[in-house]
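Residues per chain, in single letters:
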Amino acid sequence: MLTILYDGIAYGMLLFVLACGLSVTLGLMNFINLAHGAFAMAGGYCTVILVNRLGIPFALGLPIAFLVTALLGGIFERTLYVHVYARSHLDQVLFTIGLVFMSVAAVDYTMGSSQQFVQIPEALQGQFEVAGIGMGKYRLLIIVICGLLTVALQLILAKTRFGSRLRAAVDDQRVARGLGINVGAVFGITFAFGSGLAGLGGALGAEILGLDPTFPLKYMIYFLIVVTVGGTSSITGPFFASILLGIGDVAGKYYVPKLGAFVIYAIMIVVLIWRPQGLFARGAAR
Amino acid sequence: MNTRADDVALYLKRRARWSPFEIAFWIFAFATIWLFPGKYLILKDTAILALFALSLDLILGYAGIISLGQAAFFGLAGYFSGLVAKYGLITEPVIALICAGVVAAALGFVTSFLVLRGSDLTRLMVTLGVSLMLGELANRYSNITGGADGLQGVEIEPIFGRFRFDLFGHNGYVYCLVVLFICFVMARRIIYSPFGLSLRSIKGNTLRASAIGIPVKWRLVSIYTVAAGFAGIAGALLTQTTAFCSLDVFSLERSADLLLVLIIGGTGYLYGGLIGAVIYKFLQDWIANLTPQYWQFWIGLVLVVIVLIGRERMAGWIRTLRAVLARLGARLGPRSPALGSAGTEGH
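Chains A and B are the protein sequences, given in the same order. Residue 1 is where the first sequence starts when you use the working numbering, and the numbers rise one by one after that. Residue 1 is where the second sequence starts when you use the working numbering, and the numbers rise one by one after that.
I should point out that these hints are in silico values taken from the structure, not numbers from a laboratory. Keep in mind it's a predicted model, so treat the numbers as computed, not measured. Please note that a few of the clues may not be correct.
To be verified - A few chain A residues that face chain B, going by a derived Cβ cut-off under 7 Å, partial list only:
| hint | residue |
| --- | --- |
| 1 | ILE32 |
| 2 | VAL82 |
| 3 | ALA86 |
| 4 | HIS89 |
| 5 | LEU90 |
| 6 | GLN173 |
| 7 | VAL175 |
| 8 | ILE208 |
| 9 | LEU209 |
| 10 | PRO257 |
| 11 | LYS258 |
| 12 | LEU259 |
| 13 | ILE267 |
| 14 | VAL271 |
Ideal Cβ placement from N, Cα and C applies to all residues, glycine included.
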């Protein structure tokens, strides 16, 4: 029982790191980015190449995966996404689904369609017991890293100048522009950073979530659930949503193995009907 | 007051007249039965896809509801028609087809209330969620649906007790084409009725539409229900002609491909789904021959390029093309050039 809780929290933390970039881009530009999972996959494969083929230590591979994906996200944002912000939601959906298809086929072509595993150092494998609960070391690492990231993100958003600019732009883009905030630049940086986080999440999660070319399609719905249920106006909303989703998914798969995903979708639909703006959103969200 | 109503009626009647272009299109469509006897399989798939795209066009192109879950109705009706045939509940294919459509429409009616709430993103999530839930259910009750192996042992009786589904797919194709045509005529009636006009006004501006007294919610509920029924008929056709149904009828790829089909053909006009289905199928066939495993990449590229170019601009090109054709038609006599243009689109 407690092991499920533990695994669920680790899973939820992972989902949060994967999806928080998406929630900011959605809230800021009202942009539906279905291709977010593609960046996560890029991070995962980046780590696979670095660690397995080039023999770079795992601890060094993670930050590099973050940087590479952030760079990739930044390039895509400046060259492609910029043209689609002002379009209708239909166009955005089509555009990003197209990107997902392309990434799936491209990764299939270059890396093969089989599942990839990251070689994790010996020290992180296995589990230890605390008060009779078996806790995987690797999951503990995930919880620690993701917890630290969450605190850091919250501090950046709440305390720094960039954070206040970002919040201003999310709340009202036009007024923020009027106050001299360069919303485009703020968005570009946030997008790159969010993609980087997704990449880091993909690298960390390759062990738990599995990594194969269909990754962006498989987990797209999970990211979207986190964002729609959590609301887009803060990062605490998506955080609680992803923890809930993580625990719910692990528990569902454990207790009712064949109906697990069904429960998740049902809960999502109920929440969306009950509170279309998300569980934790403030009143005036879009 | 009365004259205003007469004006509307006159306008609708004028618009609803069958143009020579349309007649030529359908003559050509039915001529394919004799023109390409070796290609029945792909033609049949195209006809089903066209009907499916037509159903999405009704809600997306005319009512402005964005949906990633049209596969829910397709799949439900597919399994329904497969199951009734397997257990011999309804043996006549045409009746089973109609029943499957009604079942799908019922699901559409029930879910429409969920879909009509909230913003575009919520709609996307709810429609997608419904189809994924059905997929999970079909997977869960694998003793009924066959699970991942698909529904096997379906035997479809001859249509009207006379036309057997033969090995070459000839009768299957004719059946699909006839159903497509009937559904198309129905959709056409709906679009050119005052009801259809009110849908377009809702898409144009919901607030103003309700201000002039259009019951927005119920109009959307009814069109969503009708579209679900059409999608269901498409799904049932697929099961009946292949005598097989598998879990991928509910997949996200199916709904996403459908959006692509509609975008290629153009939303908001009835032939969009049909032309899109033809182009898409031939494109897919051609690319899959070149690179069997990676055709998805090129499909994705097409999507990205279409959005970057801009759908409005492409619609503009099509309008120009049609204007040119119309001018040519006026010069050379009404029939022949229109036939030629339908022919090029067919290939």
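Here is what the structure says about each hint:
1. Given the 7 Å rule on beta carbons, the hint for ILE32 (chain A) holds: about 6 Å separates it from the nearest Cβ of chain B.
2. The interface hint given for VAL82 (chain A) is broken, as the beta carbon of that residue sits about 11 Å from the closest beta carbon of chain B, more than 7 Å.
3. A cut of 7 Å between beta carbons decides the hint on ALA86 (chain A): the least distance to chain B is about 11 Å, and the hint is violated.
4. Interface restraint check: HIS89 (chain A) against chain B, minimum CB-CB distance 4 Å, threshold 7 Å, status holds.
5. Hint status for LEU90 (chain A) relative to chain B: holds, with the closest Cβ pair at about 5 Å, below 7 Å.
6. Evaluation of the GLN173 (chain A) hint against chain B yields a violated restraint, the C-beta minimum of about 17 Å exceeding 7 Å.
7. Because the smallest distance between the Cβ of VAL175 (chain A) and any Cβ of chain B comes to about 21 Å, over 7 Å, the interface hint for this residue is violated.
8. With its C-beta approaching chain B no nearer than about 21 Å, ILE208 (chain A) sits outside the 7 Å limit, and its interface hint is violated.
9. A hinted interface residue such as LEU209 (chain A) counts as satisfied when its beta carbon comes closer than 7 Å to some beta carbon of chain B; here the least separation is about 18 Å, so the hint is violated.
10. At a threshold of 7 Å, the smallest CB-CB gap from PRO257 (chain A) to chain B is about 10 Å, leaving the interface hint violated.
11. Hint status for LYS258 (chain A): holds, given a least beta-carbon distance of 5 Å to chain B, under 7 Å.
12. Using the Cβ-Cβ criterion of 7 Å, the hint placing LEU259 (chain A) at the interface with chain B is satisfied: the shortest such distance is roughly 6 Å.
13. Checking ILE267 (chain A) against chain B by beta carbon gives a least distance of about 10 Å; that is not within 7 Å, so the hint is violated.
14. For VAL271 (chain A), the interface hint is violated, since its Cβ never comes within 7 Å of a Cβ in chain B; the closest pair sits about 10 Å apart.
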